[in-house]
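Participant: The lines below spell out each chain.
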Amino acid sequence: MKIAVASGKGGTGKTTVSANLSAVTGIKLYDFDVEEPNAKIFFKGNEKSRDVYRPVPEVKENCTLCGVCREVCQYNAIVVLKDSIMIFHEICHSCGACVYLCPEKAMDEVKRKIGEIIDVYKNGKCILTYGKMDIGEVSPVPIIKEMKKDMEKNAIIDCPPGASCPMVESVKTADFVVLVAEPTPFSFHDLKIAANVVKELKKPFGVVINKYGLPYNIEERCKKENYEIIGKIPFDRKFAEKYSKGELIKDKEMFGEIYDRILEIL
Amino acid sequence: MLTAENPLRLTIISGKGGTGKTTVSAQLAYRISKVRRIVLADCDVDAPNLHILLKPKILEEKEFIGMKKAKIDSSKCTNCGLCYELCRFDAIVEDSGYYIDSTSCEGCALCYHACPEKAIEMIEETRGKIYISETKLGPFVHAILFPGEENSGKLVMEVKELAKVEAEKSGAAAIVVDGAPGIGCPVIASLANTDLAIVVAEPTLSGLSDMIRVLELTEHFRISSVVMINKFDLNIDVSNKIERLCKEKGIEIVGKIPFDDSIPEQMSKLEFPFKGRAAEEIENSWDTIMDIAMNSK
Numbered sequence: 001m002k003i004a005v006a007s008g009k010g011g012t013g014k015t016t017v018s019a020n021l022s023a024v025t026g027i028k029l030y031d032f033d034v035e036e037p038n039a040k041i042f043f044k045g046n047e048k049s050r051d052v053y054r055p056v057p058e059v060k061e062n063c064t065l066c067g068v069c070r071e072v073c074q075y076n077a078i079v080v081l082k083d084s085i086m087i088f089h090e091i092c093h094s095c096g097a098c099v100y101l102c103p104e105k106a107m108d109e110v111k112r113k114i115g116e117i118i119d120v121y122k123n124g125k126c127i128l129t130y131g132k133m134d135i136g137e138v139s140p141v142p143i144i145k146e147m148k149k150d151m152e153k154n155a156i157i158d159c160p161p162g163a164s165c166p167m168v169e170s171v172k173t174a175d176f177v178v179l180v181a182e183p184t185p186f187s188f189h190d191l192k193i194a195a196n197v198v199k200e201l202k203k204p205f206g207v208v209i210n211k212y213g214l215p216y217n218i219e220e221r222c223k224k225e226n227y228e229i230i231g232k233i234p235f236d237r238k239f240a241e242k243y244s245k246g247e248l249i250k251d252k253e254m255f256g257e258i259y260d261r262i263l264e265i266l
Numbered sequence: 267m268l269t270a271e272n273p274l275r276l277t278i279i280s281g282k283g284g285t286g287k288t289t290v291s292a293q294l295a296y297r298i299s300k301v302r303r304i305v306l307a308d309c310d311v312d313a314p315n316l317h318i319l320l321k322p323k324i325l326e327e328k329e330f331i332g333m334k335k336a337k338i339d340s341s342k343c344t345n346c347g348l349c350y351e352l353c354r355f356d357a358i359v360e361d362s363g364y365y366i367d368s369t370s371c372e373g374c375a376l377c378y379h380a381c382p383e384k385a386i387e388m389i390e391e392t393r394g395k396i397y398i399s400e401t402k403l404g405p406f407v408h409a410i411l412f413p414g415e416e417n418s419g420k421l422v423m424e425v426k427e428l429a430k431v432e433a434e435k436s437g438a439a440a441i442v443v444d445g446a447p448g449i450g451c452p453v454i455a456s457l458a459n460t461d462l463a464i465v466v467a468e469p470t471l472s473g474l475s476d477m478i479r480v481l482e483l484t485e486h487f488r489i490s491s492v493v494m495i496n497k498f499d500l501n502i503d504v505s506n507k508i509e510r511l512c513k514e515k516g517i518e519i520v521g522k523i524p525f526d527d528s529i530p531e532q533m534s535k536l537e538f539p540f541k542g543r544a545a546e547e548i549e550n551s552w553d554t555i556m557d558i559a560m561n562s563k
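These protein sequences, in sequence, are chains U and P.
As numbered in our numbering, residues 1 to 266 make up the first sequence, in order.
As numbered in our numbering, residues 267 to 563 make up the second sequence, in order.
Next comes chain P alone, as it looks inside the complex (with noise of 0.2 Å):
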């Protein structure tokens, strides 16, 4: 059974992105908060969109401090330029003296211990911002990295973190996370701790290449991971080929979404919960999602 006491941690990814993870997440959502309390939280920092369609009232803002990142005193800098040869990140631009390019800055620190002048300083600064907030279907936690940040993977754990927090205050039998793309930092940071990855695959060849790299993800972290298939009618030999290549590796289709009109002419007007055959089909997963998620847990 669900319990508030051990929350069960779903995070829906996708290997590519617009395959309908932040649609899955909210119908998905809807559908547990029917039955139970639950958490909701974006972890998709670089382009969150999650808040776009709950509306959330947001009850309190916290500030998110990145790497600090180098930052060069010009009064004191003798321009030997020790620095800009010892940088790997090409951070250290040369122009009638040096200076730090911050968005190539990773904070190594390098520079600053270095610098036999001591003229660098490591600067911490803000580099997003955390809400936490209240939505129709329960507490939602979400964030923004401010443009071309670093650091979305400690973003997201602490996004996760105050996720977790906010289940034990309003005891939350489930914690839904809407992963990012990819399969990098942001992404393995989302399923860190995870009890079951729902992937949403759309059949294009394109859908079908990323489906298997991210399989490949969870298995290299042994999460398990169940399959939804979004628009699965759009090619149904990519479709096949999806649960031919998900029967051989042990994983379980969840859900076949259809291709449905309706969806982005919801999403156009915000209209939420959604409604039509593809809402149904992702709210019908549920009972087959929740079981495979208690036995993995």
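One chain only, chain U, in its complex shape (with noise of 0.2 Å):
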């Protein structure tokens, strides 16, 4: 069973929530917000990496400048000057259409290195695996895919915030998605779009409430949504204090009963 904790906004407590059921289960955690990894600030131990890569066009010597690649390509990724090509590989989405469409086969495609995925090992043990896009890139989506090739059959998976691709990448995966949010209003209206996503996508889903106990009655509003509380993290400074030195919260009472509850739903 593969668990996705997802959010829709930022810094809700997605790392904080998929790190300590990944602990309290011993299931292992997949992190897939390659854009800003953090879980393995929580997961210390030996680490293996391995480079991404994804294929970019290149233009071979028998090049007619017919501009064939530049009508097709969608993405604007490339320019027909007077005596040559320009591609630029960071727009470009490795489609292959221009590689494909070129009506000379002047196209061929090398690797270019787009990031890392790295496997964290305790005690013999891989305990998470995490990916770390390069600087500069524009998407996170083709790391995400190499890491989702192969995942154990068991997963927690640490999705990125927002709702867009990246997000609906790491949600398609899974079995059940954990939407963390806190009572702001802010939060809230975040919670709703993220929660369209993955209805869209067909996935049960349930809501753990962070920081539980601000004034702004999250509860009800998710009730009159029809979504269901799976959980609640109380709203404690030293829970703040203990995410900020990288300390897992570890109450196997919490957060298995959160797990207990997403079994019973399944």
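Among the clues, some could well be false.
[As the list claims (entries may be wrong)] 25 Å max Cα-Cα, derived PhoX-like pairs, lysine-lysine: (1) K337(P) <-> K202(U); (2) K145(U) <-> K420(P); (3) K522(P) <-> K199(U); (4) K113(U) <-> K420(P).
[To be verified] Which residues of chain U face chain P? A partial, calculated answer using Cβ under 8 Å: (5) T12; (6) E36; (7) N38; (8) H89; (9) H93; (10) G96; (11) L101; (12) P103; (13) I135; (14) P160; (15) S164; (16) P185; (17) N196; (18) G206; (19) G213; (20) P215.
I should point out that these hints are in silico values taken from the structure, not numbers from a laboratory.
As the structure is a computational prediction, the values presented were derived from the model and not from experiment.
Think of the CB as a built atom: it goes at the ideal place given N, C-alpha and C, for glycine as much as any other residue.
Since each chain sits alone in its own frame, please combine them into the complex, following the hints.
Facilitator: So, in structure tokens, the structure goes:
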């Protein structure tokens, strides 16, 4: 079973929930927030890293400057000059259209490094896999896709924030989605956006309220939207301080109950 | 001096989400608006929040047309499977025939060009909305990307373009942009043509790690940056680390916002402008920010 932890708004406690769930259940954690990976702070161990590449086009000598590649490129990544072709690899989506459609077969693909995937081992067991996108790269999606290729059967996934392609790519692989929200109008607003994505993907989900106790009545609002609340983490400066030092809350009862509720729903 | 001909463009980013971008953007905009005309823009189009605080009056609504996406005409399709073979985004699904999973389609149009039966069309659809609004602080451009959509970078560019137009119309001396979390496409788009990036960092190990990455990003694109530490007294050790690191990089700390319980309280009640110690510290940072921004312009 794969459980994805997402939120819409950033900083509501995705990593807190996913890392603690992983620690309490012993299920391996995958950090898909490859733009800003943080789970590694909570799980120290021996790291083994491998590079991630994506294919990008390169022009061969038999190019006739016909310009078909520029016409078919939907991302404006190709410019045809008077005597050469310029390709902007940063904005290329690696779709392969220019390569496939070149009438002269004058395009090759080369590998471009876009990031790394790192396995973290403790006592010989891989406890965390996280991705790290290179600075200046535009899309985390190819790294997330690569990470999805060899996942264990049971997994907890720390998702990227937001509700667009990186979040969708991460949530797609899950059997259940935990949406983390805090009792503020902002977080509730973004929770609704994230819940709509999850509904569209037809995934069962539940809400964990972090900083429970702040005055905004998010419980009532969740009820109105028919979101089930499967856990609450109290608002406590102590937790914030622990998080700041990279320490887990490790409350077996609190996170165990969330996990049990997920099993019940499924 | 700040002039309307050439408005100062400030972008508030953070790397990590939830460190206080929106709080800082709004309060700083409020401070500047006391002395100058400003325009605000919310470029966190995935999860926009600034409008909740500013309660804007929407004057104009525009549709955001994103990438065209593929659609298979089943009456023309002969099930040859070429599109399925070629698509690198797993956007073509085989299920007694072929159809497009539009959440996976990146609009590359390879299938459209390659289909021997010309059975694939590229369809334009509204993928989000852009709003031009009026607030107590000044004109405000915001947007929402429909859930699960692509191209937030393109939408961010459109929001910024419209903010520039509003600035010209109203004679604004500054454009304050609330950016997106992360270091990818929406952030890079928010940072384009920025005079100064204000990085809001929180003193947690995660916050530190994310701040380092976002500063590498601004360095990569040669954008001047300053740092504001939010809740600096939550963990003094990490705060000191942030300060040391910024000093080494020659990056100015323009504010150290204290942990202030009244901020989440005021936010819950949507009481804005904010009051109290944290709000004052944000406002006080303006003079330093202006000096640095004018120099880097």
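Participant: Determine for every hint whether it applies to the structure shown.
Facilitator: Here's how the hints hold up against the structure:
1. K337(P) <-> K202(U): holds (21 Å)
2. K145(U) <-> K420(P): OK: K145(U) and K420(P) at ~22 Å, within 25 Å.
3. K522(P) <-> K199(U): This hinted pair is violated, its Cα atoms lying about 41 Å apart.
4. K113(U) <-> K420(P): holds (24 Å)
5. T12: This interface hint holds because 6 Å falls under the 8 Å limit.
6. E36: holds (4 Å)
7. N38: holds (4 Å)
8. H89: violated (14 Å)
9. H93: Nearest chain P Cβ about 6 Å off; hint holds.
10. G96: holds (6 Å)
11. L101: holds (5 Å)
12. P103: violated (12 Å)
13. I135: holds (5 Å)
14. P160: With Cβ-Cβ at 7 Å, under 8 Å, it holds.
15. S164: holds (5 Å)
16. P185: P185(U) check passes; min Cβ-Cβ to chain P is 5 Å, inside 8 Å.
17. N196: holds (5 Å)
18. G206: At about 18 Å, which exceeds the 8 Å cut-off, the nearest Cβ of chain P leaves the hint on G206(U) violated.
19. G213: This interface hint is violated because 10 Å lies over the 8 Å limit.
20. P215: holds (5 Å)
Violated hints, in rising order: 3, 8, 12, 18, 19; the structure is consistent with all others.
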